[in-house]
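Number of protein chains: 2
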Amino acid sequence: MSQRISVTGHTSVDYLLTVETMAGPNASAPALDCQEYFGGGAANVAAAIACLGGDVELISPVGKDFAQKEYDKELQEFGVDLSKLYFIPDRSLSKAFIITDAHSNQTTYFYWGAAAKLAEMEPPRVSFVHMVTADCFFNAKMSQAADFVSFDPGQDLITYQKEPLNTILENTDILFANRHEIELVMKIAEKTFEELKNMIDLIVVTRDKEGSTLYENEIADGKCVKTIETDIKAVLVESVDPTGAGDAYKAGFLTAFVKGYSPKICCQIGSVVSSFVVEKVGCQTNLPDWNRMSERYAVHFDIFDLND
Amino acid sequence: MSQRISVTGHTSVDYLLTVETMAGPNASAPALDCQEYFGGGAANVAAAIACLGGDVELISPVGKDFAQKEYDKELQEFGVDLSKLYFIPDRSLSKAFIITDAHSNQTTYFYWGAAAKLAEMEPPRVSFVHMVTADCFFNAKMSQAADFVSFDPGQDLITYQKEPLNTILENTDILFANRHEIELVMKIAEKTFEELKNMIDLIVVTRDKEGSTLYENEIADGKCVKTIETDIKAVLVESVDPTGAGDAYKAGFLTAFVKGYSPKICCQIGSVVSSFVVEKVGCQTNLPDWNRMSERYAVHFDIFDLND
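Sequence order for the protein chains is E and L.
Reminder that position 199 of the first sequence reads as 199 in this note's numbering, one-by-one numbering, no gaps.
One gets this note's numbering by counting positions in the second sequence from 1 and adding 1000 to each.
Simulated from the structure, these hints should not be mistaken for laboratory data.
Any given hint could be a false lead.
Said to hold, decoys possible - Here are the simulated PhoX-like cross-link-like pairs (lysine-lysine), alpha carbons at most 25 Å apart as the crow flies:
| hint | chain 1 | residue 1 | chain 2 | residue 2 |
| --- | --- | --- | --- | --- |
| 1 | E | Lys-73 | L | Lys-1064 |
| 2 | E | Lys-191 | E | Lys-162 |
| 3 | L | Lys-1073 | E | Lys-73 |
| 4 | E | Lys-69 | L | Lys-1064 |
| 5 | L | Lys-1064 | E | Lys-64 |
| 6 | E | Lys-64 | L | Lys-1069 |
| 7 | L | Lys-1069 | E | Lys-73 |
| 8 | L | Lys-1073 | E | Lys-64 |
| 9 | E | Lys-69 | L | Lys-1197 |
| 10 | L | Lys-1280 | E | Lys-64 |
| 11 | E | Lys-69 | L | Lys-1069 |
| 12 | E | Lys-226 | E | Lys-191 |
Produce the entire structure from the sequences given, and follow the hints as far as they go.
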């Protein structure tokens, strides 16, 4: 069994509403479609790692409707260890309401629910953690309680404060961010990109269909001698729903990383896993196992035998 | 046992989101609170009639999540007969997403779900029906299949067409509408209020906190000799959430009506039942039984012994 990955962050339910036109204040509009999907960044990443055959546990707050909706069963069927979940009996799961109109405009309302209790939680000591957005104070404590830290600041970054963010960054070994997030990390932490590269040995900046860039420090005698920059192409497929693509990328990267693949191959595997998720609506509806991923990998990248 | 009341219309789930500020297109906002409540006009009315001790059945389309959410159990516990529900296996329950900001502005998205199949349904023959908004074509057929018709055009009135609306009105014995709805009924049906009064022997126009007005035809030799207009005061209480107040009013009115009370007393009982529902969030969370209703009735109206 490879290294266990502990994933922290949100476990939530996504409500995807399709409307012709958004309704303004004191108005109503019919919803043409309304679908409920299991989501939340941490749960998405954990489910995808488990599908790829990784050893994964989810450290996340859940509410009273977690079992009622049989979300627990689904994650257990994927193979995610749920023994370290925080159960908050007087709260519901966090929920995202995503309203999309005919011109692809999106409005999102996010309810923290049980996840609002994260800041009060004392994180367990773990070996390898991947922190998916969520509360900055919890993540600061978590980053100090783990031997190896992977961090995806994600959509909650707008709520982050300088001090806990810098605590997290000082402990981070791999940083994932999209173009907007990396700018916001620099702004809140008051760090230049050079300073970030000096602090963190692996930085992956994702750019949707334009692929991703890996910044990898070359270490000699315990010191960074230079940073190698590598562009990784996206694996383009017919996309139905981009939601969850980023989570799938990180799941692919990390599963490969703990298997010992080079960061470049990890990024490529991330792109491949991500390409599956966008083919279907929902973040956990089209997750590949290692074999399906390997087959598609061979089509898009130099033929390479990805051993299980 | 008194006359059975068959209630048709929506059975749905209400998601009440509280936000500081509404989010525009391509923006997101946190939801401060998010509550899920059982609702839908028909289910609200049926639940309230059952609580008051009335004999009631619900004729409404429900989806696969009806039992999953244990909504069936709740209605059965109230005492609602569910044997005539339409079960639509490939649809979910209809859902209302109601977003309220700090200035009490409200935006609503309504997903018809299983209720979109209503137009295709063939209504059963019934003795006494109360039709709560929903599809105009189904309601037109239903109004012809019932001996006695009570009609609440409600929020779906904006989707109504002239011909089915006139079929409904020709068969209607009691019409309930608020000030805006009565105007819209007249506009779509192309009828004056005088014409409506000539067609329908009992019309109740509700005005929120300003009470309601009863228009009751006096019949002699099978003909309307005059219309008596009576104002009924609202029973004012500390209101937490006005949602469901209208449904509760009709439930109170109809339960009393089939017991043989005069239309004026029926309106007063409607006001009393309505006052309970606004005291708590949710449409089915604070329904009174006949005794609790009678006690409050005695406080607000001329002392009158409301026999069970």
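Hint by hint, here is what the structure shows:
1. E/Lys-73 - L/Lys-1064: Answer holds: E/Lys-73 to L/Lys-1064 is near 18 Å, not above 25 Å.
2. E/Lys-191 - E/Lys-162: holds (10 Å)
3. L/Lys-1073 - E/Lys-73: holds (23 Å)
4. E/Lys-69 - L/Lys-1064: Given pair E/Lys-69, L/Lys-1064 holds - Cα atoms ~13 Å apart, limit 25 Å.
5. L/Lys-1064 - E/Lys-64: Holds, at about 21 Å.
6. E/Lys-64 - L/Lys-1069: Satisfied, since the Cα-Cα distance of roughly 13 Å is no more than 25 Å.
7. L/Lys-1069 - E/Lys-73: OK: L/Lys-1069 and E/Lys-73 at ~16 Å, within 25 Å.
8. L/Lys-1073 - E/Lys-64: holds (18 Å)
9. E/Lys-69 - L/Lys-1197: violated (50 Å)
10. L/Lys-1280 - E/Lys-64: holds (21 Å)
11. E/Lys-69 - L/Lys-1069: Distance ~8 Å between E/Lys-69 and L/Lys-1069 Cα, so the pair holds.
12. E/Lys-226 - E/Lys-191: Status holds; Cα separation ~19 Å.
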